[in-house]
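K.L.:
One letter stands for each residue in the lines below.
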Amino acid sequence: MINAHLRKALSKQTWQPAIRDWLKNTLATGLINLTALVVSGLFVWLLSDVVLHGLPKLSWGFVFDAPRNAGRAGGIAPIIVSTSWILLVAIAAAAPLGLATAVLLTEFTRPASRFGRCVEASVGVLAGVPSIVFGLFGNAFFCVYLKLGFSILSGGLTLACMVLPILIHTAVEGLRAAPDEYRQAAAALGMSRSAALLHLLIPAAAPALLAGLLLGIGRAGAETAALIFTSGYVDRMPGSWLDSGRALSVHIYDLSMNVAGGDANAYASALVLIVLLLTINSLAMALTQHWLHKKMIRL
Amino acid sequence: MKKIGLIAILILIGFITWSVRQQPNNLQATSAANESTSKLVLTGSSTVAPLAAEIGKRFEALHPEVRIDVQTGGSSRGVNDARSGLADIGMASRALKADETDLQAQTIALDGIGIILHSSNPVATLDKQQIIDIYTGKIVNWQAVGGRDAPITVVNKAEGRSTLELFLQFFGLKNTDVKPQVVIGDNQQGIKTVSGNPDAIGYVSIGSAEYEAEHGVAIKLLPLDGIAASVENVRNQSFPLSRPLNLVTKTAPTGLIKTFIDFAHSEQVDDLIAAQYFVAVPR
Amino acid sequence: MTLSPRNTLSLSRADRQLAAVLRLCALLAVVVVLLILLFLFGESWPILSHVPVWRFLSDDSWHPGQALYDMSPMLTATVLSSAGALLLAVPLGIASALFSSYYASPGLAAVYRRLIELLAGIPSVVYGFWGLTTLAPLLGQWHPPGVSLLSATLVLALMVLPTVALTAEAALLAVPQHYYRCAAALGLSRWSSLVGVVLPAARTGIIAGALLAAARAIGETMAVLMVAGNVVQMPHSLFDSVRTLTANIALEMAYAMGDHRAALFVSGLALMVLVLALVGLADAYKGQAAHD
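Protein chains in written order, with the working numbering: chain A, 1 to 299; chain B, 1 to 283; chain C, 1 to 292.
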């Protein structure tokens with residue numbers, strides 16, 4: 001394939017006078033550098049907006065206090081707790097399912113088998129479902145049909161459906177990247193596949209699994225639309241899984257859209273959420289890099 | 001590996017059985033009839049919700065065994081949930097309609113709806129007909145009402161909001177007649193939209209508008225029928241476009257529900273009402 | 001790649017049990033998709049049973065209170081804003097990826113990559129908040145009302161840019177180094193080597209990323225709700241305010257009952273159809289790419 005592309009590129013080359021090629025190259029370089037500059041500029045603009053408005057309000061008290069006066073005063077402690085509980089439910093439900101599905105797809109079915117294709121297609125669809133549709137579904141299924149009401153459990157399970165495709169995808173990638181020699185060696189030694197999985201393949205894919213998990217948490221933590229209709233609005237410290245609990249992103253939305261004078265705390269909450277998500281994302285990225293690096297060395 | 005699969009299944013089964021077991025404690029049990037669980041569910045108007053949540057917190061502090069859960073969802077939803085028993089108490093930011101008289105409503109506070117403009121807009125008053133013409137698209141430039149030469153940005157509320165219903169009712173309009181340039185959801189979105197656009201006109205809750213205007217947000221409230229849109233004029237009931245904030249129950253409240261509604265109606269919450277920029281009901 | 005199926009016979013009893021359990025779990029993923037469709041249908045049924053489907057595209061307007069259910073303007077807005085966002089984000093994203101993998105010095109590239117990752121981690125409410133308080137007033141000064149198809153497109157573009165950039169960069173990294181070196185050794189300029197050799201080789205990955213970004217743009221709710229203006233109308237220019245299907249659900253769901261609520265579930269179904277079409281497109285493309 002490279003030859004074909006190269007040949008085409010070279011044949012174009014001979015057509016073009018050198019000066020035009022030089023001009024194009026210079027122009028492209030300029031444009032690409034400009035793009036990088038513009039993107040960085042936009043990013044700095046956006047982030048400085050949040051940081052400048054949010055930082056004055058931010059303190060340990062803000063993180064550890066309960067909201068008072070509809071969130072205008074006080075902090076966001078119960079909301080952070082609710083958010084983590086929701087994420088915990090989501091991950092507890094989605095992680096085993098995701099891993100199992102990925103193991104099935106990579107180790108136990110032919111990619112071309114009907115069942116495997118069916119599962120892969122479902123995962124593909126699930127990955128594309130808009131979050132608000134998850135919200136509608138979660139409200140109709142978990143809240144109303146299963147009678148869980150507005151609760152952390154409903155919200156968490158809804159998010160579990162949402163992050164499932166991310167977990168499956170990363171786990172499949174991780175397992176596929178595990179070297180085939182592991183499988184061959186295990187088979188040669190008469191290990192069962194279960195044993196090979198448990199002792200060789202899953203440990204080999206562990207960083208990828210963890211990175212996927214963190215990516216999923218990051219995605220779920222930023223979610224607003226799916227949670228408004230499922231985990232609800234109550235900003236009290238949750239007492240059980242069946243209590244309604246307000247997620248951080250829902251809190252930001254309510255403060256900025258529904259509470260007069262809530263902007264300052266909305267910015268501060270946004271800052272907290274960004275820092276939390278960025279920490280999670282960076283961890284995920286670092287793990288992926290680490291894993292890629294290790295793979296390179298092994299190769 | 002079998003173990004991991006097994007654990008996965010066990011966790012799932014655990015979750016499901018546990019949630020099914022816990023079910024009775026949840027929705028049905030919170031229905032109006034049962035007070036032994038001592039959990040009250042309030043649903044409805046997003047305007048009332050922050051106030052109800054604050055009242056709920058104070059109530060919980062006085063009655064530690066009680067939990068008050070407040071969910072938002074619009075006045076009609078609140079009325080509907082109260083009727084169906086899905087919620088113990090519905091919240092409505094309007095009076096009950098003619099076909100809702102089977103329910104009981106207790107007014108806990110008053111609120112007004114005021115027309116807002118950007119503070120740089122030279123227009124100081126608009127009469128009723130001018131507002132109707134602006135909202136129906138007959139007047140599209142501020143020049144026609146004595147302002148600068150600029151197209152008017154009409155800000156309307158989304159379908160289902162009781163603020164919209166009251167506004168339409170007051171001006172005798174149908175929502176199909178209104179020609180908006182921007183449609184908003186909650187109050188603050190309206191205030192942010194108007195403060196960010198020098199040629200916008202919108203209508204929002206007077207309390208929040210007054211608060212934001214006092215805190216340097218670039219909006220101003222227009223008088224209506226010659227009466228200034230202020231919390232003061234809502235309090236003395238001279239402002240024409242005002243509304244009650246109601247707690248709605250299916251039947252005459254008893255037990256815990258009555259205790260809570262009585263509490264929400266007492267002087268003990270006056271400071272909370274003021275803190276949300278509403279007006280306490282004259283008692 | 002995996003132990004191939006010819007070894008299937010060698011599955012031990014424990015393995016077979018495990019396979020059964022795994023099958024059950026995987027089945028659950030399929031079941032979730034079916035459940036979503038089932039519930040969307042179930043909840044839309046009250047209205048689909050007595051309002052013919054074509055009315056959702058041909059009614060005079062969207063006024064569910066008066067039993068008028070025209071969704072075509074919202075469908076148009078969803079498609080236009082997402083397409084516009086991709087039109088902006090894909091070239092910028094690819095340029096970003098080229099910058100960090102071929103143009104910038106290693107140090108600068110690392111910093112820039114970090115920045116894109118940070119951008120990917122910002123939640124959508126924050127984008128919406130920024131769009132409403134900062135971007136929309138700016139656009140409004142230029143052409144009122146400010147909140148419009150344009151602002152929605154710009155915010156969406158900014159939101160999906162990191163997705164495009166990160167996937168494009170991963171695709172570029174997967175192109176063997178010697179492709180570029182070969183091209184350079186043969187005297188091609190940097191730009192010609194990239195356009196002629198490297199980008200075509202990374203095409204599959206870049207397109208997959210763009211499709212992922214498209215799904216995110218179509219599905220985005222809160223940010224669009226804050227900046228699109230939300231008037232249900234066919235946009236005649238970039239400066240008209242529009243309402244997308246997702247914003248419609250978020251805006252009215254909490255207030256809707258009866259047929260109105262069911263009509264919103266129909267919006268959800270319409271979104272699902274869009275996404276299914278997109279997934280189908282991706283599969284068709286993958287199939288074609290495999291033939292190449």
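Be aware that a few hints might be false.
Unchecked claim - What follows is a set of in silico ranges between Cβ atoms, one per label pair, in the way DEER data are often shown: (1) B:Glu232 to A:Pro56: 53 to 63 Å; (2) C:Asp60 to A:Tyr145: 27 to 37 Å; (3) B:Gly172 to A:Gly239: 19 to 29 Å; (4) A:Cys118 to C:His50: 54 to 64 Å; (5) C:Ser105 to A:Ala73: 43 to 53 Å; (6) A:Ala77 to B:Ser120: 37 to 47 Å.
Stated by the list, open to error - Computed from the model, here is a short list of chain C residues facing chain A with C-beta under 7 Å: (7) Ala19; (8) Phe41; (9) Glu43; (10) Ser61; (11) Val111; (12) Leu115; (13) Pro123; (14) Val125; (15) Ser189; (16) Val197; (17) Val279.
By construction, these hints were calculated from the structure, which means they are not laboratory data. All C-beta atoms, glycine included, are put in the ideal place defined by N, C-alpha and C.
K.L.:
Hints first: check each against the structure and report whether it holds.
P.N.:
Hint by hint, here is what the structure shows:
no.: 1; hint: B:Glu232 to A:Pro56: 53 to 63 Å; in the structure: 32 Å, violated
no.: 2; hint: C:Asp60 to A:Tyr145: 27 to 37 Å; in the structure: 35 Å, holds
no.: 3; hint: B:Gly172 to A:Gly239: 19 to 29 Å; in the structure: 49 Å, violated
no.: 4; hint: A:Cys118 to C:His50: 54 to 64 Å; in the structure: 34 Å, violated
no.: 5; hint: C:Ser105 to A:Ala73: 43 to 53 Å; in the structure: 48 Å, holds
no.: 6; hint: A:Ala77 to B:Ser120: 37 to 47 Å; in the structure: 41 Å, holds
no.: 7; hint: Ala19; in the structure: 5 Å, holds
no.: 8; hint: Phe41; in the structure: 11 Å, violated
no.: 9; hint: Glu43; in the structure: 5 Å, holds
no.: 10; hint: Ser61; in the structure: 22 Å, violated
no.: 11; hint: Val111; in the structure: 9 Å, violated
no.: 12; hint: Leu115; in the structure: 6 Å, holds
no.: 13; hint: Pro123; in the structure: 3 Å, holds
no.: 14; hint: Val125; in the structure: 5 Å, holds
no.: 15; hint: Ser189; in the structure: 4 Å, holds
no.: 16; hint: Val197; in the structure: 5 Å, holds
no.: 17; hint: Val279; in the structure: 5 Å, holds
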